[in-house]
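Turn these sequences into a full structure, and let the hints guide you.
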Amino acid sequence: MARFVLVPGYWLGAWAWDDVAAVLREAGHDVRAVTPAGQGERAGKSAPGADAAAQIDDLVQIIEDGGPERVVLVAHSGANMAATGAADRIPGRIARIVYVDTGPMPSGMAGIDFHDPESRAELERQVAEQGEGWTIPVPPFDPQADPGDLAGLTAGHLAAMRERGTPQPFATATQALTRPEPPPATPRTLIANTIPLAAVKEMGEQGHPVFSMMVGPGWTYRELPTGHWPMFSRPRDLAALLDEVSA
Numbered sequence: 093m094a095r096f097v098l099v100p101g102y103w104l105g106a107w108a109w110d111d112v113a114a115v116l117r118e119a120g121h122d123v124r125a126v127t128p129a130g131q132g133e134r135a136g137k138s139a140p141g142a143d144a145a146a147q148i149d150d151l152v153q154i155i156e157d158g159g160p161e162r163v164v165l166v167a168h169s170g171a172n173m174a175a176t177g178a179a180d181r182i183p184g185r186i187a188r189i190v191y192v193d194t195g196p197m198p199s200g201m202a203g204i205d206f207h208d209p210e211s212r213a214e215l216e217r218q219v220a221e222q223g224e225g226w227t228i229p230v231p232p233f234d235p236q237a238d239p240g241d242l243a244g245l246t247a248g249h250l251a252a253m254r255e256r257g258t259p260q261p262f263a264t265a266t267q268a269l270t271r272p273e274p275p276p277a278t279p280r281t282l283i284a285n286t287i288p289l290a291a292v293k294e295m296g297e298q299g300h301p302v303f304s305m306m307v308g309p310g311w312t313y314r315e316l317p318t319g320h321w322p323m324f325s326r327p328r329d330l331a332a333l334l335d336e337v338s339a
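Numbering (our numbering), first residue to last: 93 to 339.
Derived by calculation from the structure, the hints in this document are not laboratory data.
Misleading hints may appear alongside valid ones.
Stated by the list, open to error - Taking lysine to aspartate or glutamate and the DMTMM-like style, the derived pairs with C-alpha atoms no more than 25 Å apart in a straight line are: (1) K293 - D205; (2) K293 - D335; (3) K293 - D329; (4) K293 - D241.
So this is what it looks like as structure tokens:
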């Protein structure tokens, strides 16, 4: 049996992991899905203070309060910053960190730095015009406009994401992560969804600043072709992979 801590990405709360968590529990695992600070039911008056550092502090506290056992820490999408920061800070508590369609950022790089100049400018415009200057609005989740990322999702999934999603504190995307050098040798797994695994490895070997963090000793890989939200589109298959890599 493994102890899992599941962390959702932008806009979502612990509820996003419900289907995956149920399958893992059926397999005998201990599972805790968490809502990062400033997201989901934890959005509200205190959310403007939720930056990457606050989410890291919060996740470290959740893991430490959960008991002495080491955990398999699973991060989807924008949860990469909080999960990487927490794993760097308390490596002795992390049995493995699993990145679901995401990966660790290099030291000194923020989530927004992954965007090209055009998409970054559009994001900043949305924050200024629709997010009161400090939140990233919940996307429309329009499968016609974004068929790749939203592949495999039903109308029910999309409705839940729109209705239950909450604006994302922008500071979680703009605050860079300062990592130890060298980083802890925590076992790491990438579950690739929207980018073929061969392409991830090729870009990493070519020195791409982000993908280069996803190659080398300590990494294992799994591929689950689907959209960017496999906890909705392929929950049983995702849970099976998590069960496999936790052994």
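Now the hints, each set against the structure:
1. Taken as a hint, the K293 and D205 pair is honoured in the structure, with Cα atoms around 20 Å apart against an allowance of 25 Å.
2. As the CA atoms of K293 and D335 are separated by approximately 23 Å, the hinted pair is consistent with the 25 Å bound.
3. For the hint pairing K293 with D329, the CA-to-CA distance comes to about 22 Å; that is within 25 Å, so the pair holds.
4. Restraint check for K293 and D241: satisfied, since their Cα atoms lie roughly 20 Å apart, inside the 25 Å limit.
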